[in-house]
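A.B. asks: The chain contents come next:
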Amino acid sequence: MIVAIASGKGGTGKTTIAVNLALSLKDKMQVALLDCDVEEPNAHLFLLPEFKEKEPVTLPVPAIDQEKCTQCGICTRACAYHALARVGKRVLVFEELCHGCGGCGLLCPAGAITEIHKEIGFVKRGTARGIEFIQGTMNIGTALAPPVIRKVKSRIPKDKLTIIDSPPGTSCPMISAVYGADYCVLVTEPTPFGLSDLKLAVEVVRELGIPFGVVINRADMGDGEVEKYLQEQSIPLLMKIPFDRRYAACYARGGLLVEEFPELKSSFDTLWKAIERRVEA
Amino acid sequence: MKIAVTSAGSSLDSMVDERFGRCRFFIFINPESKEYEAVENIYTGDVHGAGVQVAQFIVDKGVSALITGNVGPNALRVLKESGIEVYAASSMSVKKAVENYIKGKLTKISNPTTPSRHN
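Residue numbers (my numbering), protein chains in the order written: chain A, -11 to 269; chain B, 1218 to 1336.
Simulated from the structure, these hints should not be mistaken for laboratory data.
Treat the hints with care, as some may be off.
[Said to hold, decoys possible] Cut-off 25 Å, straight-line C-alpha distance, at most; resulting in silico cross-link-like pairs (DSS-like, lysine-lysine):
hint, chain 1, residue 1, chain 2, residue 2
1, A, K56, A, K146
2, B, K1325, B, K1312
3, A, K77, B, K1297
4, A, K56, B, K1325
5, A, K146, A, K112
6, A, K40, A, K112
7, A, K77, B, K1278
8, A, K77, B, K1219
[Claimed, not checked] Just some of the chain B residues that point at chain A, by a computed CB distance under 10 Å:
hint, residue
9, M1218
10, G1226
11, A1255
12, T1261
13, G1262
14, D1263
15, V1276
16, D1277
17, R1294
18, V1295
19, L1296
20, K1297
21, E1298
22, S1299
23, G1300
C-beta atoms are modelled at their ideal positions from N, C-alpha and C, and glycine is treated no differently.
Chain A with its partners taken away, still in its complex shape (with noise of 0.2 Å):
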């Protein structure tokens, strides 16, 4: 089963959710963290993972044999993402805007067009208190999150329990990472910010047809607006977390909620049960 952590905005709490959910889950399962914030990811700072592998992720760009362009520009008109441009007798290439799909090369009547393989990021995988740990990152520089997810997801194992803490956003990376999961859990705050971000996660996920339901963080902040919403949307409300200053400072100093406070760990199996529970429906 594929679990994915989400969520409009920003530090609503993906991680903490992703992190805790993990642990509170490996000695009953089989768990698998999949860090695909690709870039910032953070999941390890409170796991510690030790990584044992670490593979690069490229994209494969064009590469123009000037000799054998004929500067027909059927190559710079294809491109949807115009990382092609024609001037002169030559053809230019703009890396950083290439999406890698190929298709100036399938195109290219005079074979000037070959790939190379650009590095883009890379892919780490290790464990963290017996859960298997696989995190992606972009390299400096670069701007295409999506492959670098996909890789990561790549890694998926079959017969764990799989959570994927996903980046903040409902763009490309946002779906990237919660594409395919068998259940989406949207976290969010009881702030106006929060509410607003939470309707367009909750637009992108009904539009990918997961099942869904919402965590509020720092429950107590903030006003009842969120609560009022999901009620007249009828989306299931997994968990409150309360606004406590010990959680924010365990959470500070890179600690673990469910291993810190009892009623946290109760919470967490209560959230996996709801989870569970909705999956097999």
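Following the hints, complete the assembly by docking chain B onto the known chain A.
C.D. replies: Same frame as chain A, now just chain B:
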């Protein structure tokens, strides 16, 4: 000889549009005869690579110089490779910008003035 000016409107009295890739109009003008043509920028809605695409459009128009406000690195590379000189103008009409160009009063842009905006 023909030069291009990014413009907020379709006449010579319109202000120079300081955005390059997402300007409203291009004015292609012969600085001597003042004959001109205004063309709407159809690439403003493009999410990806508007700068490169618009630079390609300008190159294909066969101009020798461009007057605009800000240019990013990708667009500037395309323009430079084709030998188009890029000049900066702001808070002035297209007409005034062309006059200043003729008098040699505009500053040449040789480095990107904005960061790349792709994602």
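A.B. asks: Now look at each hint and say whether the structure bears it out.
C.D. replies: Evaluation of the provided hints:
no.	hint	verdict
1	A:K56 to A:K146	violated, 46 Å
2	B:K1325 to B:K1312	holds, 18 Å
3	A:K77 to B:K1297	holds, 13 Å
4	A:K56 to B:K1325	violated, 35 Å
5	A:K146 to A:K112	holds, 18 Å
6	A:K40 to A:K112	holds, 7 Å
7	A:K77 to B:K1278	holds, 15 Å
8	A:K77 to B:K1219	holds, 21 Å
9	M1218	violated, 18 Å
10	G1226	violated, 26 Å
11	A1255	violated, 23 Å
12	T1261	violated, 14 Å
13	G1262	violated, 13 Å
14	D1263	holds, 8 Å
15	V1276	holds, 6 Å
16	D1277	holds, 8 Å
17	R1294	holds, 7 Å
18	V1295	holds, 5 Å
19	L1296	holds, 9 Å
20	K1297	holds, 9 Å
21	E1298	holds, 4 Å
22	S1299	holds, 4 Å
23	G1300	holds, 8 Å
Hints 1, 4, 9, 10, 11, 12 and 13 from the list above are not met by this structure, while the remaining hints are.
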